[in-house]
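**Student:** Listed below are the residues making up each chain.
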Amino acid sequence: MKPPPFELLLATSVAEVVGALAADDGAKVLAGGQSLVPLLALRLARPTVLVDVNGLDLAGIEVVDGEVRIGALVRHRRLERDATVRASAPLLAQAAALVGHPAIRHRGTLGGSIAHADPVAELPAALLALGGSVVVEGPDGRRTIRANQLFEGFLTTSISPDELLVEVRVPAAGPSTRTAFCEWAPRVGDFAVAGVALVLDDSSVRAAVCGVATRPVDISDAFAPLMGAPLSDAVVAEVAARVRAACAGDDDRAELAALLAVRALREVA
Amino acid sequence: MTALIETALSVNGERRILDVEPRTTLLDALRGIGLTGTHAGCEHGACGACTVLLDGETVRSCLVLAGQCGGREVTTIEGLGTPDALHPVMESFRRCHGLQCGFCTPGMVLTAVELLDENPSPTEAEVREALSGNICRCTGYAGIVAAVLDASSSVVSE
Amino acid sequence: MIGDRVLRKEDARFLTGRGRYLADHDVPGLCHIALVRSPIAHARVRSVDVTEALLSPGVVGVFTQADLEAGGARPMTHRLSMPGIQPLSWGVLATDTVRFVGEPIVAVVATSRAEAEDACELVEVDYEPLPAMVDPRAALEPGAPLLYPEWGTNVFFTAASPAGQADAAIATAPHVLTERVSHHRIQALPLEGHGAQASVDPQTGGLVVIASNQQPHQLRTVIAETVGLPESSVRVIAPDMGGGFGAKQHFTREECLVALLARITGRPVRWAQDRAEGLTASIHARAQEHEVTCGYDDTGKVLGYKVQIVADLGNPVLYFSGIGPSLVTIGCLAGGYDFGPVSFDLRCVATTTCPVGAYRGFGQPEAHVTSERVLDTIAERLGLDPVEVRHRNFLPDAPRPWMAPSGARMDIGSLGPHFDQLLDEVDYDGWRKRQADARAEGRFVGIGLSTLVQGTAPTQYGVAGRFGSWESASVSVLPDGSVTVFVGTKSQGQAHETVFAQVAADALGVPVDRVTVKDGDTAALPYGMGTWGSRSAVMGGGAVVTASTRLREKMDLIATHMGGNPTFDQIAEEVWWHAHRLPHHLEPGLTSTVVYTPGNTIPVPDAAGKTNFEETYGAHMTCVVVEVDVDTGDVELLDAVLVSDCGRVINPMVVEGQHQGAFVQGLGNVLHEEIRYDDEGQPLTATLIDYTPPLATDVRDLRVLHREKPSENAGGFRGMGEAAIIAAPAAIAGAVADALRPLGVEVWSTRLHPHHLRALLRAAR
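One line per chain: the protein sequences are L, F and X, in this order. Mapping of the first sequence onto the working numbering: residues 1 to 269, in sequence order. Mapping of the second sequence onto the working numbering: residues 1 to 158, in sequence order. Mapping of the third sequence onto the working numbering: residues 1 to 765, in sequence order.
In isolation and in its complexed conformation, chain L is listed as follows (with noise of 0.2 angstroms):
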């Protein structure tokens, strides 16, 4: 099981990274490469070039004006544990958490895994269900994507083949916020089966679930019940049914998003 042959450009720049994207259709970016090699290894992936970016400067955390922004390279090890992200991104800590086990979170990046778009994926449903938003660079300069019109399908982002996507943005958690990331995975570390991620406040609450379909989907209006009503077993029911009708397709994810949904109610009340 080795990898087909490829050359492995080991960028310094930005800019050589989009220069090197452009100017050869099979050339693809590699981050923190924990979903990259393993394809590699299988041969699944075959790119001719691997335009290596982890000597790229990408991985400052700052809140700037209400919004937390945080470079593609950060890994999910550091998402999980620092401060600000804890005190300001919540949920970004908790899907990070999620992901893997520590030698994988210890490589695997923010960018990474969002721009990967696998639709089991923690990071992207956290993205999705924050209203976040990311920024990329192209030829033509940068451009920010919003969360909602990133996902397009399995794997499939609105992010072009020539653009590397630098940095994500998320808004910064307010006084009221409260977070949860609950998934059921067959095992500690495996890629979940069905994983809800929720951002409740005084004023809103938008939700997102992975796993159900083929890319994250944003079921924030299953949660619509909550707002002005008391958390009471109605509710609760009825937030469930919601989130089993937005899920429909398969039962058991279905059903496993409804029972998460719960769950995930339950840990911000």
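Please note: incorrect hints may appear among the correct ones.
Said to hold, decoys possible - Which stretches of chain X does chain L cover? Using the computed rule of at least three CB atoms under 8 angstroms from a CB of chain L, they are:
no. : segment
1   : 252 to 266
2   : 756 to 765
To be verified - Ranges between beta-carbon positions, derived for each pair:
no. : chain 1 : residue 1 : chain 2 : residue 2 : range
3   : F       : G70       : L       : T84       : 24 to 32 angstroms
4   : X       : P742      : L       : A234      : 25 to 33 angstroms
5   : X       : V176      : F       : S121      : 53 to 61 angstroms
To be verified - To list a few chain L residues with every Cβ distance to chain F over 12 angstroms, as calculated:
no. : residue
6   : I61
7   : S176
8   : R215
9   : P225
10  : E238
11  : A245
Derived by calculation from the structure, the hints in this document are not laboratory data. Small disclaimer: the values here were computed from a predicted structure and weren't measured. Note that CB positions come from ideal geometry on N, CA and C, so glycine has one too.
On the provided structure of chain L, position chains F and X as indicated by the hints.
**Tutor:** What follows is chains F and X alone, placed relative to chain L:
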């Protein structure tokens, strides 16, 4: 074959220069210089047998390309102890029957060392969680978990 | 010494990464083999074109079966001649037809594995697809597509016992239970894959083969036959092994291929199985379905027992055939119970899937799950406690050995008191109360029992057509008083370097650290039987204790002759250096090679039609308490206890480790692992993302207690390495069934993984 990449790095404290294909994983590169204590269990990042420390952090060496490791510091199991001078965590594994066939053992030991560095007195649940990325097919994990708990107290008392 | 928790001699090298496994044997000029394997479950191979592959960088050669035959390859066969078996032989590589995804067709030798894989992609194979046949029951239907049209059926092997007595007992019984029990397909999954490396000895022209194989001597036999060399020209070395568990017990196409390619290319060559090959194209296990019919009375006593078995063999191109586990299943249907007359009907069916063969347990888990589900269900239907029903069905306490109607010679202790010790230890009555409390709170706790009598140290003759029940060892006291032991078993993690040192040290009366044990080298002993079937302590230990005792007796004679109370070392020196001072009738030297057999087996039916495959038996009582999350299907262990009687315990630490490891493999069987195919025969579990053994977070420690009733064999040992993998699926299935009974769920399958339980629970709602 694509052109070889020259990669200078530190392995177990020794400066090494590796000439590797772009596709060569850190796992295969280490084994190629005789450090065969790093084992290929699955080669797709699912078993933990190839775990090494990269700049002090556990990584799966089958999911890192050797060409990415220029200027980095790698520690393999061979760098942690020798048969005549076992690392204290290795001593605990021996004392608690934390290994049978020995194939997962290097990855388990390195993962345990990292855990105990970060959390010198873990609970049993924390130990199990920390080891959950490493498959052992022989022991049922009983001896391994006991060994890490044993090492936690012995490391603390040192 | 025997009975002590001696720390392991092998640990220091394994802990520091100095173990030397198959892939750690680089030599100058080593070449690597990769295989072109069929991507289709069933197809005619119209043509193979290797032109492009030959031009690929690093390629040394590309080989089809025709090339191997030109290089001397002989056909492989199952070599079985019993009634009811189809004739079958096959090439090292497939030729005109492929019958499972992963069947090897072309071998590439290159200077690196990566280059060999590159070249494999350039081999052009033209396939004409034939119908896939994945479901063994469908394969039995009239008109089903045939894997081997010359058989006229897909049944590879069939056997049945006379059914009259069992049928009559069931017909007149007050109650009858009939159910179908499914035992799904899994695999052993040693963490180190299988593999072999071979080179030609330039001095002799003979072959040296390094193979990760549990039975190096028998592998030598098979390689010599396939390559066409005398056994004396083939040396097989089994190095440190990263587990085996049966997956490395067969003698495979790839091992023979490596030997042939070393001769054909003149280069040292290695094939190291990768994980995808291991999961799809090596050896699978279990895959049986039982239809059980059981007559019983109002007290829960079984009066007659009948099991009809359909066993899925995959494509049975496996020496010695995948029928072995099924033969063991039919031999132990009643386990340690007196079920009255027992009958069976066995059909072993060929399907277009990976060959099915050995995995730790080897047919016993299937028999045991079925019998334990039956006893629990009888208890439920009669409103009795499953403990009471087991007590009613245990073999009587006398006579010993208990001679079963089949011929089985069961030399075990009394089962009732053994079982009662378990119940006390686990606090069975307390758990029944806590279970009721939990149910009142809407939580689902279940208690499962396994009362196992395990056949150990079996004869291989019945499943291999040769290879008897014996083991060899050679023990020598060297002039300085240090001791060497060579043994024909092969450790794959079972601590043989330590436990056989304990056995020899105990018999010789020296400290354990004076003894060095070596295994896995055909140059060290004329023949050996290897490690499988819970045999090593019984057979290897018996050989070591016999050889060591002979030496000790000789040393005692010499000590008397020397006079003056000489030390061990003085006797050793006297025998080797001053042989002229020994009595004339005494042979010089202190070395003893023995070929030991307890002699209890009857491998082929005797005049009365009786057989006994096992040299001795072990008894193991297990209780598991679980809580099932009825929303997610997660099963959490609350307690697990095993009271083990494996006769004289050589090293309790090692025995406990074996039980704990086997228990978790058995837990994986029912809660996590499943080899799956789609209807077209495409494997769905080709990576460790999809095939998911238990992790440290999925288990809790099995508590192990010991009872010791020595066997009658040399040393008094009984086998135990497979006990807990047989017990765990039955006990856990029983616990899950017990937990979910209030919800109307019945458990008749080993598929109790969370998603299967969720489906069962949805169906019940």
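**Student:** Now tell me, hint by hint, if it's right for this structure.
**Tutor:** Verification of the hints:
1. 252 to 266: Coverage by chain L is violated here, the residue count being 0 at a Cβ distance below 8 angstroms.
2. 756 to 765: It holds: at least three residues are needed, and the segment 756 to 765 of chain X offers 3 whose Cβ sits within less than 8 angstroms of chain L.
3. F:G70 / L:T84: 24 to 32 angstroms: holds, 30 angstroms
4. X:P742 / L:A234: 25 to 33 angstroms: holds, 27 angstroms
5. X:V176 / F:S121: 53 to 61 angstroms: holds, 59 angstroms
6. I61: Nearest chain F Cβ is 18 angstroms from I61 of chain L, so the label holds.
7. S176: Its Cβ never comes within 12 angstroms of chain F, the nearest being 31 angstroms, so this holds.
8. R215: holds, 23 angstroms
9. P225: Its Cβ never comes within 12 angstroms of chain F, the nearest being 35 angstroms, so this holds.
10. E238: E238 of chain L is indeed farther than 12 angstroms from all Cβ atoms of chain F, at 35 angstroms.
11. A245: A245 of chain L clear of chain F: closest Cβ-Cβ about 34 angstroms, beyond 12 angstroms.
In summary, the one numbered hint that this structure violates is 1.
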